[in-house]
Amino acid sequence: MIDKTLSLVEKEVSPLARRAQALIINSLGTMKDAVVFLSVLNKKLDSITEEKERITRPLNEALKVERGRWKPIDMAITSAIAAVRTAMTIYQTEQIRCAKEQELKIAARIGEGRGYLKTETAIKKFGEIERVNKEVSSDEGLVQFRATKKFEVMDMSLLPQEYHIADDVKIREAMKNGVELKGVRYYTEQIVVNYR
Amino acid sequence: MDTLRPLSWSAISSFQYSPPQWAKKYLDGVKSPPTPAMKFGKEVGERIAADVLYLPTVPRLSLFEYELTAKLGERNLTGWIDTYEPHTALCEYKTGKEWTQKRADEHGQITMYLLMLNLMHKVKPEDVRCRLVWLRTQENGDFSTSFIKNMQPHIFETKRTMMDILNFGAYIHDVYKQMQEYAHERGI
Chain A
77 MIDKTLSLVE KEVSPLARRA QALIINSLGT MKDAVVFLSV LNKKLDSITE EKERITRPLN
137 EALKVERGRW KPIDMAITSA IAAVRTAMTI YQTEQIRCAK EQELKIAARI GEGRGYLKTE
197 TAIKKFGEIE RVNKEVSSDE GLVQFRATKK FEVMDMSLLP QEYHIADDVK IREAMKNGVE
257 LKGVRYYTEQ IVVNYR
Chain B
4 MDTLRPLSWS AISSFQYSPP QWAKKYLDGV KSPPTPAMKF GKEVGERIAA DVLYLPTVPR
64 LSLFEYELTA KLGERNLTGW IDTYEPHTAL CEYKTGKEWT QKRADEHGQI TMYLLMLNLM
124 HKVKPEDVRC RLVWLRTQEN GDFSTSFIKN MQPHIFETKR TMMDILNFGA YIHDVYKQMQ
184 EYAHERGI
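Sequence order for the protein chains is A and B.
With this note's numbering applied, the first sequence covers 77 to 272.
With this note's numbering applied, the second sequence covers 4 to 191.
Misleading hints may appear alongside valid ones.
To be verified - In the DSS-like style, the derived pairs of lysine-lysine whose C-alpha atoms are separated by at most 25 angstroms in a straight line are:
id: 1; chain 1: B; residue 1: Lys34; chain 2: A; residue 2: Lys176
id: 2; chain 1: B; residue 1: Lys125; chain 2: A; residue 2: Lys181
id: 3; chain 1: A; residue 1: Lys181; chain 2: B; residue 2: Lys162
id: 4; chain 1: A; residue 1: Lys210; chain 2: B; residue 2: Lys125
id: 5; chain 1: A; residue 1: Lys200; chain 2: B; residue 2: Lys125
id: 6; chain 1: B; residue 1: Lys105; chain 2: A; residue 2: Lys225
id: 7; chain 1: A; residue 1: Lys225; chain 2: B; residue 2: Lys162
id: 8; chain 1: A; residue 1: Lys201; chain 2: B; residue 2: Lys180
id: 9; chain 1: B; residue 1: Lys125; chain 2: A; residue 2: Lys201
id: 10; chain 1: B; residue 1: Lys105; chain 2: A; residue 2: Lys194
id: 11; chain 1: A; residue 1: Lys226; chain 2: B; residue 2: Lys105
id: 12; chain 1: B; residue 1: Lys127; chain 2: A; residue 2: Lys200
id: 13; chain 1: B; residue 1: Lys127; chain 2: A; residue 2: Lys181
id: 14; chain 1: A; residue 1: Lys226; chain 2: B; residue 2: Lys127
id: 15; chain 1: B; residue 1: Lys105; chain 2: A; residue 2: Lys210
id: 16; chain 1: B; residue 1: Lys100; chain 2: A; residue 2: Lys176
id: 17; chain 1: A; residue 1: Lys200; chain 2: B; residue 2: Lys34
id: 18; chain 1: B; residue 1: Lys74; chain 2: A; residue 2: Lys181
id: 19; chain 1: B; residue 1: Lys162; chain 2: A; residue 2: Lys201
As the list claims (entries may be wrong) - Simulated coverage check for chain A against chain B, where a stretch passes if three residues somewhere in it have a Cβ under 8 angstroms from a Cβ of chain B:
id: 20; stretch: 174-183
id: 21; stretch: 193-200
Since the hints were made in silico from the structure, they are not lab data.
Using N, Cα and C, we set each Cβ at its ideal position, and we do this for glycine too.
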C-alpha cells in the first residue's frame with residue numbers, strides 16, 4: 077500500500093522535478109515560472125514530510141524514550157571503558173618509551189676502549205631490557221596493542237598554509253559583530269524565501 | 004640441536020614462517036626441490052654477476068656473493084650479500100611479485116647483513132648505502148617464471164641504524180632459543 081502511494085507521488089513529481097532542473101531564469105517571465113515551480117515543489121515536499129512524519133514521529137518518540145531509559149547506564153559503561161583504555165594506553169606507551177630510552181643509552185655506548193660496549197655486549201643488554209607484550213590475554217578476552225602514528229600541532233606559524241582550516245563559525249560571528257577580516261571576501265547574495 | 008651449524012637469514016625466516024617446515028629442512032635435512040621461481044631468481048643473480056650487458060641498469064658493486072661469517076655469542080651466523088662495496092654499500096636483488104618501500108625497510112635480511120658487517124668489521128650501519136633491487140616477475144601458468152613485459156628494475160633505497168641491528172641481534176637470540184625449544188619438543 078505504502079509502495080503504491082510512493083510510486084504515485086513519484087510519478088507526479090518526477091516530470092516536475094526534471095523540468096525544474098532544466099529551468100533557466102533569464103527574464104521576469106521565467107522568474108515567475110520559477111516561483112511556480114518552487115511553490116509547487118515545496119508544497120509537495122511539505123505533504124511528503126507530513127506523511128513521512130505521521131509514521132516516523134511516534135517511532136522517533138519511542139526511540140527517544142528507549143534511548144533515554146538506557147542513557148545513564150550506557151554513559152557510565154562508556155565512560156568506564158574509555159578510562160580503562162586510556163590507562164592501558166598510557167601504561168603501554170610509557171613502558172615502550174622507557175625501553176626505547178634504555179636502548180638509546182646502550183647504543184650510545186658502543187665503541188672501543190674502557191667504558192664502551194662491544195656490539196655483542198650491547199645486544200645482550202638489549203635482550204635484558206624489560207619489555208611489555210604486544211598482547212595481553214585473560215579468561216575474559218585479550219588486548220593487542222598497535223602502534224599508531226599521531227600528531228599534535230605545536231606551532232601554527234610553522235605549519236604550511238595549505239594545512240590551515242579557517243574557522244567559519246568565528247568568522248561569521250565576527251562578521252555579525254561588524255568585524256571584517258583580512259583574506260576574507262564579504263559579499264551579499266539574495267536568498268529565496270518561499271511563501272506558499 | 005646442532006649449535007655449530009651457522010644460522011642464516013633463510014633459516015630464521017623459515018622458522019618464523021613455519022616451525023614444522025623449518026624443522027623438516029634444517030633438523031631433518033629434507034630438502035625440497037627449488038620452485039621454478041626460485042630457480043629463475045638464482046639464474047638472474049648469476050647472470051647479473053657474470054654479464055654486464057644483462058639488465059645493464061641494475062646496480063653492480065665490486066664484489067658479488069660476498070660471504071659473511073660472524074659470531075654472536077655462541078651462535079655462528081652466515082650470509083651472502085648479492086653485491087657489495089666493502090664498508091660502504093650493498094645491494095640485494097629480488098625477483099617476485101610484490102615489493103614495496105615499507106617491505107624493503109622492514110626486510111630482516113638487510114638488517115642481519117649489517118649486523119654481521121658490524122660484528123666482523125665494526126662497520127656502522129648508518130655508513131652503508133643499502134639498496135633492494137626488485138626485478139618484477141610473473142608466473143606463466145606453465146610451471147615457468149619470467150620477467151613481466153618491459154620490466155624495469157625498481158630500486159628501493161633503505162637505511163638501518165645501530166638500534167636496528169642491536170634489536171635484530173636480540174631477536175636472533177630469541178629466535179634461536181625458540182628453535183632450541185622446538186627441537187627439544189621434537190626430541191632432538
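### Task
Would you pick out the hints that fail for this structure and give their numbers low to high?
1, 4, 10, 14, 16, 17
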